[in-house]
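Each protein sequence line maps, in turn, to chains A and B.
Residues in the first sequence are numbered consecutively from 281, following our numbering.
Residues in the second sequence are numbered consecutively from 39, following our numbering.
Derived from the structure by calculation, the hints contain no laboratory data.
All figures in this text were calculated on a predicted structure; none of them were measured in a lab.
A couple of the hints might just be wrong.
[Stated by the list, open to error] Not the full set, but computed from the structure, chain A residues with beta-carbon under 10 Å of chain B:
| no. | residue |
| --- | --- |
| 1 | P358 |
| 2 | F360 |
| 3 | L361 |
| 4 | A362 |
| 5 | Q365 |
| 6 | S434 |
| 7 | A515 |
| 8 | G516 |
| 9 | E534 |
For glycine and all other residues, C-beta sits at the position ideal for the given N, C-alpha and C.
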Amino acid sequence: MRKVLQRTVAAMALGSIASIAMAQDDGADLVINGEIEITVRAPAPAHMGDTGIDTILSGWVFRSDETRQLEMDDFDNPAFLAVDQGIEAWNTVEGTEGKSCATCHGDVEESMAGVRAVYPRWNEEAGEVRTLAGQINDCRTNQMGADAYAYDKSDMTAMEALISVQSRGMPVNVAIDGPAADAWAQGQELYYTRFGQLELSCANCHEENYGNYIRADHLSQGQINGFPTYRLKNAGLVQTHNRFRGCIRDTRAETFAVGSPEFVALELYVASRGNGLSVEGPSVRP
Amino acid sequence: MADNVTPRIRVPREAAAGEVIEIKTLISHQMESGQRRDGDGNIIPRSIINRFVCDFNGETVIDVTLEPAISTNPYFEFTATVPESGTFTFTWYDDDGSVYTDTKEITVS
Chain A
281 MRKVLQRTVA AMALGSIASI AMAQDDGADL VINGEIEITV RAPAPAHMGD TGIDTILSGW
341 VFRSDETRQL EMDDFDNPAF LAVDQGIEAW NTVEGTEGKS CATCHGDVEE SMAGVRAVYP
401 RWNEEAGEVR TLAGQINDCR TNQMGADAYA YDKSDMTAME ALISVQSRGM PVNVAIDGPA
461 ADAWAQGQEL YYTRFGQLEL SCANCHEENY GNYIRADHLS QGQINGFPTY RLKNAGLVQT
521 HNRFRGCIRD TRAETFAVGS PEFVALELYV ASRGNGLSVE GPSVRP
Chain B
39 MADNVTPRIR VPREAAAGEV IEIKTLISHQ MESGQRRDGD GNIIPRSIIN RFVCDFNGET
99 VIDVTLEPAI STNPYFEFTA TVPESGTFTF TWYDDDGSVY TDTKEITVS
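Could you build all of it, start to finish, from the sequences and the hints given here?
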C-alpha cells in the first residue's frame, strides 16, 4: 500500500514537471478588445543572427492565463486608469509658455500614432539618442517651460502609456544604423556584460534561459514592447529603466540611474531585439 | 484624502427584457489598510472605500461592505437581470466622507 502511494506521488511529481516544461509557448494569440491583433511572436531581426534565437516572443506569451486575460480587454487592464490620467495631462496647460501637449500636437490619437514604435530614436538637433520619456521631458522643459517629470514616476508612465496606446498593434521598428549605431553598439555591449556579485548579464537570463523558471516565475526574453507595463505586484505602471534597474539590482550590483546614457543605449538595443513584435503597452505582467 | 479617484463602469447599452447582463466596475483608490508604517515608523492612517452600492431604478442590486484587506483599485464584476429600461446608479463611499457617484443608462427592448 505504501509503495503504491509513493509511486502515485512520484507520478504526480513527474506530471507537474512535464507541465512546467510545456508552459512556454502554447501558441495562444493576443487580441485586445476583440479587434486589435497583437503580434506576440515574430522572426528574430537580422542583427540577432548570433544569438541562437530565431523567434522573438512577447513577455505576454510567458504569463499565466489569468494575467494574459487582464490584457485582452482594456476595462480589465488596470493600466487604463493611468491612460485616463494621461489624457487629462495631455490637455492641461502647464509652464511659463501657456501650452499643453495638445497645443502643439493636437489630437493625441492622430499625432502620436506610430510614435512609440520608433523610440528610442536619434534626435538630430540634440545630437543624441532619445527615449520617449526623454522626449516628453524635452517638450516639457523646452517647449512648455514646465518642470520635467521624474523619469520613472507615475506622471511620466501615465503619459508614456497614453502615447503607447496610440501605436498598439503596430510593429516595433527602431533604427539601429546611421547616427544611432554607436549608442546601439554600447547597448549591445551592456547587454552582454556581467554585473554584480552574481555576475549575470542580461543575456544569461533572457537569451540563454528564457522559458525556464527563476524562482516562481518564468523568465521571458526581456522584450520591452509592452512597456510601460502594469505590474500586479507594484499595483502600478513600471517604466523600462525602472525594470532595467530592478534587474541589475537583483544581480547585486550598483545600478545605473534611470535616464542615464547607459540605460538609454541599453533601451535602444533591447528595443531593437523586439523589432517586428507589436507595440503592446501598456501591458499587464505579474 | 485619496487622490485621483476615478470610477470606471461597463454596462451594456441595450438588453432584452429579463436578460442577465454583466456589469464591471473599477475605482482607482489606494486602499491604504491602516496596517502599514511610513519611513519614520508612524502608522499610515487607514483610507479605504468602505462601501459600494449599485441601484437600478431605485432598487438595490448589490450592496457591498469593503474591508481593509481589499487591494488597490477595487474591481467588482457582477450580473443583474433587467426587467425594463432604466438607470444604474453606482456609489462608492470613502473613509474620508467623500461619495463618488456615476450612472449608466440601459435600454431594454
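Against the structure, test the hints numbered earlier, and report the numbers of the ones violated in rising order. Number 9 only.
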